[in-house]
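Novice: Sequence:
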Amino acid sequence: MPLLQVLALLAALLSSLPQCRAAEAVATCSGIVPMRWRREVVSITEFGAVGDGKTLNTWSFHKAIYRIQHLRKRGGTLLYIPPGVWLTGSFDLTSHMTLYLARGAVIKATQDIWNWPLVDPLPSYGRGRELPGSRYRSFIQGNGIRDVIITGENGTIDGQGDVWWNEWRQRTLLHTRPNLLELMNSRDVLVSNVVFLNSPFWNVHPVYCSNVVIKHVTVLAPYDSPNTDGIDPDSSSNVCIEDSFVATGDDLVAVKSGWDEIAGDVGDHPDENFDPNAVPTVDGVTIKNVWGEEVEQPGSIEGIKNSPFTRVCLSNVKLWGVGASPWKCTDVTGAALGVNPGPCPQLTSSFAMTPCSNDF
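Take the sequence shown: its position 129, counted from the start at 1, is 128 in numbering that gives the first Met the number 0, and no numbers get skipped.
Rather than coming from a laboratory, the hints here were simulated on the basis of the structure. Model, not experiment: these values are computed from the prediction. Among the hints, erroneous ones may be present.
Pairs of lysine-lysine residues, derived as DSSO-like cross-links and limited to a Cα-Cα distance of at most 27 Å, are as follows [unchecked claim]:
| # | residue 1 | residue 2 |
| --- | --- | --- |
| 1 | K317 | K327 |
| 2 | K255 | K327 |
| 3 | K304 | K255 |
| 4 | K327 | K304 |
| 5 | K317 | K214 |
| 6 | K62 | K72 |
| 7 | K255 | K214 |
| 8 | K214 | K304 |
Construct the complete structure from the given sequences, taking the supplied hints into account.
Specialist: The following block contains the structure:
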């Protein structure tokens, strides 16, 4: 179980975010998406929802989101989820809204998996992550939206994943399991002070997104739950993950960029200057102020042979339980300061040469 790789990414700042500096006060990257206060507040109970843990409230959530989307109140709308257990099927979010979970509020996914809706695979995957073809729709999702906040008083979003895990173990599922939260092609997203519990598959999956802040969240799933990744920023830019607790059955945080499914003979490229031999560029990755216990293996940062990852900064990363084995690195350059176990030789510990300085 690659616990170390994901623990080390808990404070990853991607793309052009502020970088780390040794021996300076703990910084934050969360300012890229500030908290916004909404002018209008509506409660899910106004749409007929009942928080008894038995009543199916899918239609109530759909009506609430439809109202927010079509009335377009200036300053946006906060959808208040009061204390109670609110059973529902999958639903969408919309732009300029806050989903606010009060203390004691639980949004709980129905376990009627055989009537769960399907969606197309992501373009950068070409198929479902587990099985060919379509995939099950994420429990909470949004596509092409902006100015979205999910927050509250540490209320819970519960995927009730055990029924999905059992079907997966028995190899009876026909499609890839749903994520708990997936936002696609979206920007200016803030997720804070929420508990994500027992996702059927990955927990939090921003994909093709920009300006995403995830902070003060708790992500939990049993250690033996299959593929329940915690936070998976995918093909996205300006992502900040900080001050969060993640304990799941697989990767805790895993930065992704699609999958190695290759398509060919799909017609012309829209840009006549397209270089078919071009490779991706990964530059300016900061991982700092991370502590991990009972970690089973050391860190691994693996770049691309003809396009190494550059300006990688590890600062104050302490991982206990892996013994003296150093980090494994290939095709990377950068710096490491205050790292345990020892960093790989490709990341120099010389402060004079470090990319973790203010100039980085």
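Novice: Run every hint past the structure and note whether it holds.
Specialist: The hints, checked one at a time:
1. In summary, the hint linking K317 to K327 is supported, as the alpha carbons are separated by about 15 Å, within the 27 Å threshold.
2. Restraint check for K255 and K327: satisfied, since their Cα atoms lie roughly 18 Å apart, inside the 27 Å limit.
3. The suggested pairing of K304 with K255 holds, with an alpha-carbon distance near 18 Å, which does not exceed 27 Å.
4. Of the pairs offered as hints, the one joining K327 and K304 holds, with about 15 Å between alpha carbons and a cut-off of 27 Å not exceeded.
5. Between K317 and K214 the alpha-carbon distance is near 20 Å, which keeps this suggested pair within the 27 Å criterion.
6. Our distance criterion of 27 Å between C-alpha atoms is met by K62 and K72, whose separation comes to about 16 Å.
7. The straight-line distance between the Cα atoms of K255 and K214 is roughly 19 Å, inside the 27 Å bound, and the hint therefore holds.
8. Our distance criterion of 27 Å between C-alpha atoms is broken by K214 and K304, whose separation comes to about 33 Å.
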